[in-house]
Structures are given as C-alpha cells and as structure tokens.
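Trainee: Below, each chain spelled out in residue letters.
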Amino acid sequence: MQIVSDIQAILGGFRVTLAHMLRRPVTIQYPEQKRIPYPRFRARIVLTRDPDGGERCVACYLCSAACPVDCISMQADEREDGRRYAAWFRINFSRCIFCGLCAEACPTMAIQMTPDYEICTRDIMDLVYEKEDLLIDGCGKDASYNFYSHAGIGVTQPRGAGLEESKPVDVRSLMP
Amino acid sequence: MTAFSLDITLFAVKLGLVFFVILTLAAYLVFAERKVLAWVQDRKGPNRVGPFGLLQPLADLIKLLTKEDVVPGGADRWLFYLAPAMAAIPAILIFSVIPFGAPVNIFGRDLPLVVSDLNVGLLFFLALSSIAVYGVAIGGWASNSKYALLGGIRGLAQLISYELSMGLSLVPIVMLSHSFNLADIVAAQKTVPFIVYQPLAFIIFLLSITAECKRIPFDLPEAEGELVAGFHTEYSGMRFGLFFVGEYINIIVLGGLAATFFLGGWHGPLLPPTVWFSLKTLAVAFFFIWMRGTLPRLRYDQLMHLGWKVLTPLALVNILITGWWLALK
Ligand code: SF4
Ligand code: SF4
Numbered sequence: 006m007q008i009v010s011d012i013q014a015i016l017g018g019f020r021v022t023l024a025h026m027l028r029r030p031v032t033i034q035y036p037e038q039k040r041i042p043y044p045r046f047r048a049r050i051v052l053t054r055d056p057d058g059g060e061r062c063v064a065c066y067l068c069s070a071a072c073p074v075d076c077i078s079m080q081a082d083e084r085e086d087g088r089r090y091a092a093w094f095r096i097n098f099s100r101c102i103f104c105g106l107c108a109e110a111c112p113t114m115a116i117q118m119t120p121d122y123e124i125c126t127r128d129i130m131d132l133v134y135e136k137e138d139l140l141i142d143g144c145g146k147d148a149s150y151n152f153y154s155h156a157g158i159g160v161t162q163p164r165g166a167g168l169e170e171s172k173p174v175d176v177r178s179l180m181p
Numbered sequence: 021m022t023a024f025s026l027d028i029t030l031f032a033v034k035l036g037l038v039f040f041v042i043l044t045l046a047a048y049l050v051f052a053e054r055k056v057l058a059w060v061q062d063r064k065g066p067n068r069v070g071p072f073g074l075l076q077p078l079a080d081l082i083k084l085l086t087k088e089d090v091v092p093g094g095a096d097r098w099l100f101y102l103a104p105a106m107a108a109i110p111a112i113l114i115f116s117v118i119p120f121g122a123p124v125n126i127f128g129r130d131l132p133l134v135v136s137d138l139n140v141g142l143l144f145f146l147a148l149s150s151i152a153v154y155g156v157a158i159g160g161w162a163s164n165s166k167y168a169l170l171g172g173i174r175g176l177a178q179l180i181s182y183e184l185s186m187g188l189s190l191v192p193i194v195m196l197s198h199s200f201n202l203a204d205i206v207a208a209q210k211t212v213p214f215i216v217y218q219p220l221a222f223i224i225f226l227l228s229i230t231a232e233c234k235r236i237p238f239d240l241p242e243a244e245g246e247l248v249a250g251f252h253t254e255y256s257g258m259r260f261g262l263f264f265v266g267e268y269i270n271i272i273v274l275g276g277l278a279a280t281f282f283l284g285g286w287h288g289p290l291l292p293p294t295v296w297f298s299l300k301t302l303a304v305a306f307f308f309i310w311m312r313g314t315l316p317r318l319r320y321d322q323l324m325h326l327g328w329k330v331l332t333p334l335a336l337v338n339i340l341i342t343g344w345w346l347a348l349k
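As you go down the protein sequences, you meet chains A and B in turn.
Residue 67 in this note's numbering is what sits at position 62 of the first sequence, and the numbering runs on without skipping anything.
Residue 42 in this note's numbering is what sits at position 22 of the second sequence, and the numbering runs on without skipping anything.
Derived from the structure by calculation, the hints contain no laboratory data.
These figures come from a predicted structure and were not determined experimentally.
Heads up, some of the hints might be wrong.
In silico negatives: residues of chain A with every beta carbon more than 12 Å from chain B [as the list claims (entries may be wrong)]:
1. F19
2. Q34
3. P181
Here are some chain B residues pointing at chain A (derived, C-beta under 10 Å) [stated by the list, open to error]:
4. V56
5. D62
6. R63
7. V140
8. W310
Even for Gly, the Cβ is constructed at its ideal location relative to N, Cα and C.
Same shape as in the complex, but just chain A (with noise of 0.2 Å):
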C-alpha cells in the first residue's frame, strides 16, 4: 500500500537524522585548529629568487596579462648590464581570485602560490601588497631553477655559456 511505505520512508528519514545527530561533527574549530593545507594550495603570493640571490622577475607583464581580474601591475626597468626587472611590483589581494594562472604563465618561476591562507586585515587597503611586501629571499618551488643559465644570451653571460649551448662557431672557420 502507498500509505505504508510513505510512512516507512518518513521514519526512515528520522532514522538517519538520528544517526547523524550521535555522529561525531565534521567541524574543524578554525582559530584553535588550523587544518593544515596541502603544499601546492593556493593562497598568498610570493616573488621568489635565483639560487644566487637575484630577483627573478624580469617584468616580461605575462603574469599581469595572463590575470582574469587584472590585478597585477607593474612598471618594468633595466639595469645598467641590460637585465631587466620590475620597478614596482603591486598585487591587489583584495582583487585576486588565487586561480594561480600568474604563476602558471610566468616563464621565470618568479611568481609562486604559497599555502598561506591568513592575509585578511581589516582594513582593504592592506591587502595591496608591494614589492618590498612579495619579494622573499628564498627560491620557493624549483630551487635550483636559474633562469639566466637558460637565458639572457649576452646579458648575464657571454654567449655560448648557457647550460644546454654550445660554443659559438666562427663563422669565418666554416670553409667548404
């Protein structure tokens, strides 16, 4: 009969609301207890070094283009050896989304995801972080990565001494 398994489900359902009420809660205190994030979680920004201690950036703007909600900006400049770098360097936290696209589309593994979640302030204007505020003096992921021992023909080393190059040919040498 219709009317017997009705009921039968409503007492059902009382079933396993009982069930759930002696449980134990799922919940994680969160001030006291702080779940503890996996390494690739993504949460405040980093800019991060070479392993000789320069900067990584070279304010190539992939990070800022590549931002869904535009808030990285930056104004790039160039040393006198003709190394490029970012003059200022400003991300709007209050803005970002932590989609990571920056730090996927950075060709220097400059910009890099921490899993450091506990930036909110009270005031918004704190969340506009600087470039003395994003750069750490570590390397972050990839800690041997160096890109100028990939790159920067010309720049940082004379030609032909990158890591996968081989010595310049004089072209003069080259005789049928």
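Go by the hints and put chain B with the ligands onto chain A.
Mentor: Frame of chain A, contents of chain B with the ligands only:
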C-alpha cells in the same frame, strides 16, 4: 500576615516564576534547536559565547535589542507595532491553564501548581490559539509588502484549517475524562496516559500543533525559499525577536499541552511531578526540532489536502469510534 495577603504573595511568586521559566526556556530552546540542527548536519553549532556557547541566547538578545527598528514606508504603523505582541501574548496566556505539577502544601495552604485552574481550560486554549492567528495575519497585512501579505494569508488559512483537526482530536480526551478542566484531565490519566487509548488522536494532535506553531514541515507562512521570511519579512530588531520568541514559547506551551492531554501530565514514577512534566514537554519540543532537521516543507495544496481531507475526517471517525467504545463499556 493575613491569610489573604499570603495568598496574594504566593500567587505573585508563582506567576513570576512561571513567567521567568517560560521565557528562559524559550530562549534556550532557540539555542537547543541550533545545537540539535547542527548535530543533524554533522556540525557543532554555537559554542563560542560562554562555556559550550551557553550564553548565546543572551548575546542574541543584546543583538536584537540594539538593532534598528525599521517600519517600512506605507505600513500601518499601529497594527505593525501591535502584531508581534498579538503573536506572543496568547502563547504565554495558554500556559496559565496548564498544570505543571502536583498541588503542593506551603505554609499550611494547598497551592495548585497551575496559574489559573479554569474549569473550561481546554476551551480557553482553543480560543486563545485562534487569537494567535491575528498576530500572523495582521503582521502580514500591516507590513505593506507582497511577501508579508502572502505569508499572512497563508498563515491565516493554515492556522484556521488545523485548528479544526486539533480541536476535534481533543474531543475524545474530553469524552474519556468527562471534563474540560486540564487538572481533571491529568487526574484521569493517573494510571494510564491517554496516548494508550488514543494513539490516533495523539498523532493528529501532534501534526496539528506542528502546523499551529508554523514549524517545518508546515512552515508555509514563512517559507524562506519562496516568501523571503513570510509574514515577518519586514520586521527587524526586537519586534522580529518577539515573533521569534513567540514561536518558541508556542512550542513549549503546545509541548506542555501534548504532555497534559496525552502523556499523562505530571504523573510518573520516581521523579517529582514537575520534573516529569518538564521531561515530557521537552521531549515533544525535541521531537519538533528533530522533525525540522528531517522533513522538507510541504507544498501548499498538500498542506490543505492533509488538513481537510485526511486529518479532519480521521479525527471525526476517531470520535465516533471512541463514543461507540464508551457506550459499549
Ligand atoms: S592568482 Fe589569479 S587572480 Fe590572483 S594575481 Fe594570479 S592570475 Fe591574478
Ligand atoms: S612575475 Fe614572472 S610573469 Fe610576472 S612579470 Fe615577472 S617574470 Fe613576468
């Protein structure tokens, strides 16, 4: 002290105690509801204010009292102010006829543990629960808002419909106990509570009072999903708080009535009578909360169908069967 002034003092103390206990209980029922619903959903519920969150009702009260009291433009000001009180006061008044313990003897005087031992207590309850409809209907109408008006109309229709099955489900109780007096009804259940004789009436009564205090699955007048908050959409601050507390007072009072009519009132072995009464009342209140955590809201036509085509005829048949059974006895 003269005998008269002693009587007056005892009565005032009793009144004050009942008032205090009911209001505190209502505030803590809100807390208990939030806790139980949280457990149903594998959460912890409020646990920040005070030990185990026990001061949460106090924090809520302070919040509600300090909120801005908004009256929407075009609202009927006086009725708007009046409606929350009309919803809360009948609920408290009903408690005055519920006996919550065996008569006690203080200073050589028999003190019945009921605020007012009316001989038509049951009718008084039915009359007051009809008045509670006005709070909903007037609150909805005076707000000058579509949602509130729709909620008010729904509340009106629902409460009137379920009043009927509620009243009819109580007729067998009167037939069995030969009295409209709640103390007599309790006395008639000294050995066996009426739920044993009248399980069907108990179920009908339970469903009807759920609809009467507008709780899930019968919370059509509020129906967040469709009417924002129904009849109290436009209320803010303590006026909303009054509607809210009124609802919980209603749960306590109707739980107490269920205990009185069907579960044997304050009768029970071992424990003191008042404790038994509280336990039964809280058990019904817990069932309400449990039901809220379990069942979804009915559709409006299902609600009316259940009220008019199922509960009311069933209650009538139950009266006939009870009469037949009493005549045979
Ligand atoms: S994580 Fe996404 S939103 Fe944030 S700065 Fe990078 S690209 Fe922009
Ligand atoms: S952080 Fe990377 S992508 Fe962005 S400007 Fe610097 S080098 Fe280019």
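Trainee: Against this structure, judge whether each hint is valid.
Mentor: Here is how each hint holds up against the structure:
1. F19: violated, 5 Å
2. Q34: For A:Q34, whose nearest Cβ neighbour in chain B is about 8 Å away, the distance does not exceed 12 Å, so it is violated.
3. P181: Non-interface label stands for A:P181: nearest chain B Cβ at 82 Å, farther than 12 Å.
4. V56: Constraint on B:V56 satisfied, holds at 7 Å.
5. D62: holds, 5 Å
6. R63: holds, 5 Å
7. V140: Hint violated; B:V140 Cβ to chain A Cβ min 36 Å, cut 10 Å.
8. W310: holds, 6 Å
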